[in-house]
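Chains as they are written, first to last, in my numbering: chain A, 50 to 446; chain B, 10 to 194; chain C, 0 to 383.
Since the hints were made in silico from the structure, they are not lab data. Here a beta-carbon is modelled for each residue, glycine too, at the ideal position from N, C-alpha and C. Any given hint could turn out to be false.
[As the list claims (entries may be wrong)] Across the chosen pairs, the derived CB separations fall in these ranges: (1) B:LYS158 / C:TYR340: 22 to 32 Å; (2) A:GLY101 / C:GLN16: 43 to 53 Å; (3) C:TYR78 / B:GLU43: 28 to 38 Å.
[Unchecked claim] Here are the simulated DMTMM-like pairs of lysine to aspartate or glutamate, each with C-alpha atoms no more than 20 Å apart in a straight line: (4) A:LYS136 / B:GLU43; (5) A:LYS441 / C:GLU194; (6) B:LYS24 / C:GLU197; (7) B:LYS17 / A:GLU437; (8) B:LYS49 / C:GLU146; (9) A:LYS441 / C:GLU197; (10) C:LYS363 / A:GLU303; (11) C:LYS147 / B:ASP28; (12) B:LYS49 / C:ASP180; (13) B:LYS33 / C:GLU195; (14) B:LYS82 / C:GLU58; (15) C:LYS304 / B:ASP174; (16) B:LYS24 / C:GLU194; (17) B:LYS44 / C:GLU146; (18) B:LYS77 / C:GLU62; (19) B:LYS49 / C:GLU153; (20) C:LYS304 / B:ASP123; (21) A:LYS441 / C:ASP180; (22) B:LYS44 / C:ASP150; (23) A:LYS222 / C:GLU18; (24) B:LYS17 / C:GLU197.
The residues making up each chain are set out below.
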Amino acid sequence: MLDPRFRGSDIKECMENLDQIFVQAKRTVMNLAESVLPQPLVLLVSMLISIGVIAAIGPVIMMYLTWLERKVVGRIQNRIGPNRVGKFGLLQPIADGIKMLTKEDIVPEGADHILHFLSPVLVVVPALLVLGLLPWGRNMAAVDLQVGLLLFFAITSTGTLSIFLGAWGSRNKFSLLGALRAVAQLISYEIPQVFSAVVVIMHTQTISIVEIVNAQPGFNWFVFTPWGFTGLVLFYIASVAECNRTPFDLPEAESEIVAGFHTEYSGMKFALFYMAEFLQVFSLSALAAALFLGGWQGPFLPSWIWFFLKTYGLIFIMLWFRGTFPRLRVDQLMGFAWKFLLPMSMINIVVVGIWTYASPIVAWVLGILIIAISFGVLAKLNTRYHIERNRKFILAE
Amino acid sequence: MWGTGVLKGMAVTIKNFFDTYTSKNGIFTVEYPEKRLPEKERFRNFPILVYDEKPEELRCVACDICAKECPPKCITIVKAKDAQGKPLKQPEVFDIDFTVCMNCGICEETCPFDAIYMDHEFELAEYDRMDALIYKKERLSRPWTHFEKIRPTDAKEINERRAKDATKTAAAVKPAPPQASNQQT
Amino acid sequence: MTNTIETQTRPSLSTQQLEVSIGPQHPSTHGVFRMNVVLDGETIVKLKPVMGYLHRNHEQLAENMSWLGSMPYTDRLDYFCSMTNNIAYALAVEKLMGIDVPERAQYIRVIMAELTRLVNHTALVGFLLNDLGAFFTPVLYAFREREKILDLFESVAGSRMMCNYMRFGGVKLDLPDGFVDCAKAIVDNYPPFLEEMERLLTKNEILMARCQNVGILLKDLAVNASVTGPVLRASGVNYDIRKIDKYGIYDRFDFKVPLGTVGDVYDRYYVRILEMRESLKILRQAFKELSAGPVISQKGLIAAKSPRNMKVPAGDAYGRIEAPKGELGFYIVSEGGTKPYRYHVRAPSFINLTILEDMCLGHKVADAIIILGSIDIVLGEVDR
Chain A
50 MLDPRFRGSD IKECMENLDQ IFVQAKRTVM NLAESVLPQP LVLLVSMLIS IGVIAAIGPV
110 IMMYLTWLER KVVGRIQNRI GPNRVGKFGL LQPIADGIKM LTKEDIVPEG ADHILHFLSP
170 VLVVVPALLV LGLLPWGRNM AAVDLQVGLL LFFAITSTGT LSIFLGAWGS RNKFSLLGAL
230 RAVAQLISYE IPQVFSAVVV IMHTQTISIV EIVNAQPGFN WFVFTPWGFT GLVLFYIASV
290 AECNRTPFDL PEAESEIVAG FHTEYSGMKF ALFYMAEFLQ VFSLSALAAA LFLGGWQGPF
350 LPSWIWFFLK TYGLIFIMLW FRGTFPRLRV DQLMGFAWKF LLPMSMINIV VVGIWTYASP
410 IVAWVLGILI IAISFGVLAK LNTRYHIERN RKFILAE
Chain B
10 MWGTGVLKGM AVTIKNFFDT YTSKNGIFTV EYPEKRLPEK ERFRNFPILV YDEKPEELRC
70 VACDICAKEC PPKCITIVKA KDAQGKPLKQ PEVFDIDFTV CMNCGICEET CPFDAIYMDH
130 EFELAEYDRM DALIYKKERL SRPWTHFEKI RPTDAKEINE RRAKDATKTA AAVKPAPPQA
190 SNQQT
Chain C
0 MTNTIETQTR PSLSTQQLEV SIGPQHPSTH GVFRMNVVLD GETIVKLKPV MGYLHRNHEQ
60 LAENMSWLGS MPYTDRLDYF CSMTNNIAYA LAVEKLMGID VPERAQYIRV IMAELTRLVN
120 HTALVGFLLN DLGAFFTPVL YAFREREKIL DLFESVAGSR MMCNYMRFGG VKLDLPDGFV
180 DCAKAIVDNY PPFLEEMERL LTKNEILMAR CQNVGILLKD LAVNASVTGP VLRASGVNYD
240 IRKIDKYGIY DRFDFKVPLG TVGDVYDRYY VRILEMRESL KILRQAFKEL SAGPVISQKG
300 LIAAKSPRNM KVPAGDAYGR IEAPKGELGF YIVSEGGTKP YRYHVRAPSF INLTILEDMC
360 LGHKVADAII ILGSIDIVLG EVDR
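Chain A extracted, bound-state conformation (with noise of 0.2 Å):
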């Protein structure tokens, strides 16, 4: 029998402290750090510690979002994924670790040896930076810039330039071809993309990431209103084709391409590439749960793992893609990002606008009013010439 004095306040209490473990440990740290170094240091070892937890869970993270989209995936192929390496595959990320650390790294002769070299290495640093503007907790992003959300998409944008150029290093047709697909999908995606995370700006009129997870309490997340949705919807289909994720996983097309801009790529090189894009998909995932899903908000359980729950929910949805569909063509995969998803998310502008200034009741009807409508004209626009819904087969004798 529980004790009846253990009640209310003390599993409040517990919670609390669960929720910031992470954040108390640190001030231990620091508080030991500060009885026995001089002040300048400190602020040194502070930096040290939290630089040092998120590249270590960098590569944790990718490692097992590997394990998790085998598993995934497979199960969706009635199968039942990875089983051999440790409990439930648990070890297969490590084994495949080992696998890839002790390939052959393979150089083309007519490779640019630097560039070659370097793409790799410029690749992760971008995605592995971008982890530590997440607030991953409450009081628990490692830097809480007032420009957070800027910075983010500055960032992230810089990974389209390593793509290029490690294509072009490798001096492949294929690679170079995979090369120029990513600049042109990249490019164009991070337009709907940042238009769309605007609503969230407009709303909260801050870009720190944590002043608008703070925005959004208790159950109050964005995803609750019409342009939230509509917003959520769009930034992460763009979110989707950022990571080269299927169905607009043209820079790396398999069954086109070979590999496309990794196809030269072996051994550590191409498992730093995978890193990327695998952290880049968590990353992208934090994000739109920051801005949309209230971020680590949420009742009862510790703010960490509400954080971790919304985010791994996206990358799921990011794997069930991968598991169902087929990809865009480039032509198609263009169109669909400038001529649906960007006038969709300019609409969604206007919409937290009318939301802003009109009285509650107003605001829904006529938001959904004109994201509904507008979306019935895009996509009737979009797919009028390219698709033939009820085609007619003749069975003859």
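Since the structure of chain A is provided, determine the placement of chains B and C on it from the hints.
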């Protein structure tokens, strides 16, 4: 047009995802080394030579029919000879080249002496690709009981026919040529 | 003949055409096949198929082998449909020898041929989706069902894919016990699977956008290039050898021939789905009418026991069937001996492949891959 087709597709895949946890038939794969599918009786992989009692006394009479019928010509047979150099009705050498054999089963069909059959054994990988993959006579021979175990229906039929043939040959003064007797079956 | 399209000369930026060799090592050329593609950006301006990497001298081998000896080799032509390959070859030799096939064997042949059609079309739909970029899900759903039919083949013929089941004048062995019940269960479970597949694919907007109006093959060109099979029927030509030749006992079955109207990749995909439904109809009728009796004629049995001594009267014969991929024909010439004098395979994959360039020009690289996938080639049959 409205994205409904895409959503329907997603419903199909998520249903399959949850089926693997809830439904018994959700997972279709068999975890091979631990679990195996039941063997089909007619499954054929690689020939074996059968003997009735002793491994030295194969049913094979070294007639060379299978070697001649084999489409990729993977069988090599040399007749055994006794001390006087008179050919015996048994093989001295009976080699099957596993790298050449295409598991078609024509040797089994054409053998008039019920001596060569297709086995169910399929885990035949070797580290050495030269000598280890040439199967010698000793490695090919299996007792008739083994065949009865893997293919009971066929074995029953063959046993009955052989018993009938045996009584027939015992009755006749001169043994009938085996090929002719086989064609009547 | 050079048909490179002149790219527009721009004042400041000059462009260059890119020559890419897709294959022989490429994830989606369905084997060792190569396409030399000249690209203007992503658009194909020239495409040259290169084949022969899997040439195994099939025809020459057959000319140096007993008549039955090349039966197992025909399994390896189109390794997805060894049953139909066997039937076509047996048909040609039976024509020349004048052997009859017993009633039960005829039904068994029809059952095997239609099951093979299911196997082939199911797998093809999966592979086509792989070419479209789906991450193995449709192909594994397809394999899930295909595996059940292959298990049936194993229980009948001893091997899942290299069946070697047909003999001149019948089939090798009678159906094992319980085969018909198993097969009936599979046939009954097929429509739900097809519906699942269709829910996943047919109305999928991405698939429709990718496949519709891509790689259109016009009626005239299709007929002139002697394209056959579902590719031809997707272009709207009513040509099915099961209906035209009525070989075997196909005149007894009631089935329709699905035809497309546009002739693009989507039609080729959907015609195959419809064809599977017709195959199921044929199978149901065949199970109903299957009667007891011998499975191989006396003459055939003797020949099967001693293929080395089997002589075929002098003359020539052409046996053709509607294989899942198109018209599969075996042309054989005999001089009256134990070996064919001339042996030729009219491989549907090979002949359907000849119009690849005409379908691909002006499309994107990604389209070339799915057009190739929709033709449904197996390199074992193309290169022989």
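Results of checking the hints against the structure:
1. B:LYS158 / C:TYR340: 22 to 32 Å: 46 Å, violated
2. A:GLY101 / C:GLN16: 43 to 53 Å: Once the Cβ atoms are compared, 51 Å apart, the range 43 to 53 Å for GLN16 (chain C) and GLY101 (chain A) holds.
3. C:TYR78 / B:GLU43: 28 to 38 Å: Holds: the Cβ-Cβ distance is about 29 Å, inside 28 to 38 Å.
4. A:LYS136 / B:GLU43: With Cα atoms ~16 Å apart, LYS136 (chain A) and GLU43 (chain B) stay inside 20 Å; holds.
5. A:LYS441 / C:GLU194: 18 Å, holds
6. B:LYS24 / C:GLU197: 15 Å, holds
7. B:LYS17 / A:GLU437: Holds: LYS17 (chain B) and GLU437 (chain A) sit about 18 Å apart, inside 20 Å.
8. B:LYS49 / C:GLU146: 14 Å, holds
9. A:LYS441 / C:GLU197: Distance ~16 Å between LYS441 (chain A) and GLU197 (chain C) Cα, so the pair holds.
10. C:LYS363 / A:GLU303: 15 Å, holds
11. C:LYS147 / B:ASP28: 19 Å, holds
12. B:LYS49 / C:ASP180: 16 Å, holds
13. B:LYS33 / C:GLU195: Since the Cα atoms of LYS33 (chain B) and GLU195 (chain C) sit roughly 18 Å apart, the hinted pair holds (cutoff 20 Å).
14. B:LYS82 / C:GLU58: 17 Å, holds
15. C:LYS304 / B:ASP174: Holds. LYS304 (chain C) to ASP174 (chain B) sits at ~17 Å (cutoff 20 Å).
16. B:LYS24 / C:GLU194: 14 Å, holds
17. B:LYS44 / C:GLU146: 17 Å, holds
18. B:LYS77 / C:GLU62: 16 Å, holds
19. B:LYS49 / C:GLU153: Given that 20 Å is the threshold and the Cα spacing comes to 7 Å, the pair holds.
20. C:LYS304 / B:ASP123: 12 Å, holds
21. A:LYS441 / C:ASP180: Outside the cut-off at roughly 36 Å; violated.
22. B:LYS44 / C:ASP150: Satisfied, since the Cα-Cα distance of roughly 17 Å is no more than 20 Å.
23. A:LYS222 / C:GLU18: 8 Å, holds
24. B:LYS17 / C:GLU197: Holds. LYS17 (chain B) to GLU197 (chain C) sits at ~10 Å (cutoff 20 Å).
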